Amino acid sequence: MNEAYLEIRNLTKEFVSEYQEEQVVAVKDFNLQIQKGEFVTLLGPSGCGKTTTLRLIGGFENPTRGDLFLDRVRINDIPANKRDTCMVFQSYALFPHMNIYENVAYGLQLRKLPKGEIKEKVEKILTLVGLTGMSHRPVGQLSGGQQQRVALARAMVNEPKVLLFDEPLSNLDAKLRIRMRIFIRKIQQEFNITSVYVTHDQEEAMTLSDRIVVMNQGEIEQVGTPEEIYARPKTRFVADFIGKQTNFLTGEVVEKDGGKVKVNVWGKTMTFHGYDGFHKGDQIILVVRPEMIDLSPHEGTFEGKVDLVTYLGSEVIYEVASNDQLFTVQISNPLKHGLYHKGSKVFINLDLKSIYLIKE
Amino acid sequence: MKQRKVIVSLWLLVIFVFVGPSIGKAADVLHMYTALDPNEAKVYIEAFIKDTKINVEWVRMSAGEVLTRLKAESKNPQVSVWYGGPSVEFIAGRKEGLLIPYKSPVGAPFLKGNLKDPEDYWTGFYFGAIGFANNTNFFEKNKLAFPTSWQDLLKPEFKANVSLAYPYTSGTSYTVLATLVQLMGEDKAFDYWKKLEPNIHHYNTSGSACVTQAGLGEIAVGIAFSHDILAKGTSKGYPIKGSFPSEGTGYEIGGMALVKGGPELELGKKFIDWSLSKRAQELMKVWFRIPLNPQAEVAAGATKASDVKLINYDDEWAGNNNKRLIEKWRQIIGK
Amino acid sequence: MTKSKRFVAYLKRIPSDIRKLLKEPFLLVGIILVNLFLFLFIVLPLFKIFQLSFEENGHFSLGIFPELLSKNYNVQPLIHSLTLGIAVSILGTLIGFIFAYAITRVDIPWKRFFNIMATFPIIAPPFMMSLSAILLFGKQGFISKMILRDMIQFRIYGFYGLLMVETLTYFSTAYLTLYGVLQAIDPALEDAALDLGASKGKVFRSITLPLATPGIASAILLVFSQSLADFGNPMILAGNYTILATQAYLTIVGMYNMKGGAALAILLLIPSLIAFCLQKYWVSRKSYVTVTGKPSSARIKLDQPLTKYSIFGLCLLLTGIIFLFYGMIFFGSFVKLWGANHTLTMDNYKHVFTVGWEFIKDTLLLSSIATPIAGILGMIIAFLVVRKSFPGKRVMEMVSLLTFAVPGTVVGIGYILAFNQPPLVLTGTAAIIILLFIFRDIAVGVQTGIAELQQIDPSIEEASTDLGADSTITFRRITLPLITPAFYSGLAFTFVKCMTAISAVIFVVSGKWNLITIAILGSVENSDLSQAAAFSIVIIVFILLALWLIQFLVNQLGRGRKLKFEKAEALQSI
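Chains as they are written, first to last, in our numbering: chain V, 1 to 360; chain G, 1001 to 1335; chain Y, 2001 to 2574.
The following block holds chain V by itself, in its conformation from the complex (with noise of 0.2 Å):
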């Protein structure tokens, strides 16, 4: 087990609001460790904290309670400008009276480098993100995108112990913001720089991160890889936050035997394997995700009536109401497998296999 390069220890943060009317506490408890060279992104709704964490990190706040660890140092009382840490800030705050050089070269110029060296290293980075030749340009005349590269690159030449990104993508439009992820990931890994990335948008946590930290009221829901957070939610908030429209079953355990547990739902009974931490009588969440659902018209598990229908081309997404539930299904290659129309009788059938049992 590697030491962790950022190690975050009972981090919390209250604010006492002048204008509210009692404390808000923002980030509560929060335990993390990051190796080095991970990318780790902070995901959840606004008002969860993510920022909050982040800016705790960088120094532009200071925590109520817990620890702060960065290489092995612990780095509470050390001052924002004094942290090895960059921020790319949303608005990109680059500075509206300098240039493209200047700006870029201003954390260098602090750390009063000699010139040659400055003008070497700027260079190399404006390379790196495709803005050579204009380093006399200023910056109010660059497009969104590319203050996007000067803000990244700004934070980058001072080669930071951690990078930090304060939902850098949200000012863009949707085409660029999906280039500009791929691009901030290729040169995250190539450099191999500690990332601490906060995102509201799930698929550009689950496009970036090595691991992601689902907050949600200021507390961890769950951290886990991509793959860990969709296929094997913790929680239900979780579940609900992360894919398309997450359908919800409750049911009951009416049989354990080992791993394997059979769960009744609407007086179905279906078999699942795997979970060893269940016990007869457990109300159960089942998460079954749209894609999990199978149509038929014939037969199935539960009986259904399709209520809408929503066509996308490479899919079809149909709600379907059983039980008095309203249920998303995606069906993929919906030609293949021909169009349910309003008002159809079909059958649901789930993908035991692929749906993820919660404790309630």
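Distance condition first, Cα-Cα at most 20 Å in a straight line; then the derived SDA-like pairs of lysine to any residue:
#1 G/K1328 - Y/N2257
#2 G/K1323 - Y/K2259
#3 G/K1260 - G/N1076
#4 G/K1042 - Y/Y2349
#5 V/K112 - Y/D2470
#6 V/K268 - V/L352
#7 Y/K2388 - V/P79
#8 G/K1194 - Y/G2239
#9 Y/K2301 - Y/A2184
#10 G/K1335 - Y/Y2073
#11 G/K1335 - Y/L2082
#12 G/K1075 - Y/N2257
#13 G/K1195 - Y/Y2073
#14 G/K1095 - G/E1327
#15 V/K186 - V/M206
#16 G/K1042 - Y/T2354
#17 G/K1260 - Y/N2420
#18 V/K353 - V/T246
#19 Y/K2280 - Y/R2394
#20 G/K1328 - Y/P2066
#21 V/K234 - V/Q202
#22 V/K260 - V/Y275
#23 Y/K2308 - Y/R2112
#24 V/K82 - Y/P2458
#25 G/K1050 - Y/T2354
#26 G/K1075 - Y/K2259
#27 G/K1141 - Y/A2340
If you are wondering where the hints come from, they were derived from the structure by calculation, not from laboratory data. Values in this document were obtained by computation on a predicted structure and should not be read as measured data.
With chain V fixed as given, assemble chains G and Y onto it according to the hints.
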């Protein structure tokens, strides 16, 4: 770097400004307040500087304002000499403990009686009688005769056409008030003034301002000292002619005094001596003031004491009742 | 959280705020110094006035007020001041509205020209209008005598004269306020009304006017305060229509009745403070528009010929009047002896540059010293208020803005009360004049600074910190360059205010230091109108030079930003 220089020089400037004034300037500078018209005071003061090589810094205010300023500064007097203004104001000043006595050897031979303070707290150096400054165009156009009595001023023809100063800012105007009180008796005097009110266009702070206003035709009659009427009116080219009230008019002995605690009292003494010299007194011809030094020439056309009927003006009484009369005036007239 | 709980939470924050401050000693010292200055030079003088008025034999007493108000010669000015203030504010706002509406909503030509003319009175000495009124409508006036041949006798001394000159002087404030408000109303709102079938007139009545109402109320209150505080114009033109500001002055300077003068000052202060608080804390909060908002689309302008030409004509008329007034002064300055000898001559300028040279030198010197200090101090306060957190911050901000609400006369009296005795004897020195300049104008710098700082994305400064800079370096290399253009704007306005100050400084001039504005008043009192006119022109020339110089410096920064007199800067009373 450039910013640093700017900041440093700014700080130097600030320090200089704050410390500078305390650094004494050239030793020989006399500070004074004067109630004389600034254009006139300039002449005398520059002559003094030329004659004695002593530099002078001066501010002009009406006599009442000088009195107030000296009171305000009494804990830290800024000037050494109060130059010009009717004796009543100086008497008030002496009462407030703002002056110190000085008997000028130059004036000793001719300053007798009411020409100086009995205990030398102030020294007289000119005489002036109160008169009326009349705009000749107005009188011609309206076919009227100049006012020759206080009662004349009450005539309806002069509605909103008379002007003078506030008795509490101006020595001139206070002299008028004191004169009326001594002439008619206190109650009758205030009655008179109440009757005069509708004829008054407005009040100035400076006593001689009404002369120029009459000259410009803004009003028909200004009540002021004769020398101001001549100097600022007639001789300047305005259509002004003076007239005097037949019942009797008041007058001023213009004075000067040393300010208690003033910074350059020795220089102040020199100034007072100089002002009483023949040379200095003759300079007053430019303003038609009547000099007290019998050796000095008088300007042609100036109004001498013998030219008008003077009341028995008790400036001592006027000075002692300054506060009371003014307060009563403010109450009754309401300004 | 109840108020008490919130206060307790606030108190709990204090130790940690202080601990953070102790880590940055420069900052701490800076905060202490700033608060010390503000206390000494803003709070103390005001306190002295209150102390003098409310103290009777050593204890608190309101006795001075019944005594004051029983005297007719105090009640009259109070009523006059209020009446005049209300009249000027309404008339001035009306004129300001006409200009603002014409420029933002009507398709008339020469908009830039009208904009300049409507803003010009702000940089001119405020009492120039009175001087001009005499030159035009006095018994020897150009219009009364030359044009109308004495057919009409104008009553310019008194209420009507003051109403006219104060309206012409202060409508610019209303104009700037209303321009901002009208400009910020989203055109989509008016378009929607049109789309739904409203006529242009109905749009005005049911949409534009109601949305502009808080702005109109603001303008009225601001002009009211300015009229109340006006000193120069009434000194010249009030005649028998006595008003509070001049009465307070005469009571002190003419009668040495410090207590009476101080009490009058408080009578003057109360309506001003009320108007200020109403404007800042009630009306501006009710605004339906954000003044800094940019319209989402271009605005359709009214272009019906009847409307267009009548409004254009109206603007021309008003502009013509303004031109006439200022032009008269220019002409009058070349006249030998106004009223008696109308040959043209340069004599007056000769007088100005010889006898008056001391005045010019002193005024320029003192203004030039005070202006940068006021600007820098204002910026520092703005920075502390927006970016730092420490106990008493809100109080500090309020105090620095206090001078917006206090008429100059009141401040002047406070200064002579506070600084004519040990330990701080400053009467008679340059220092007291400079201090008066600085702390009268500091509110401008603070307001401008706050507005500008709030527009800077805080993450820019965080980025600087993130990249390794400490507070000082961040301030110097990032914050300062970004606020510099606004800083220069504030400087320009402060310089104008210093050059044209009169109502406060008239109490503190001495033999050693004298100001042009006071020389002008003296000349006018002496009826040396041509001289006064010449001095006025000289002031304007110097102001224009300074503005040009500052614009030049701003351009040197390469940002090409134009100086703009924003609403905040117009709100300074004299």
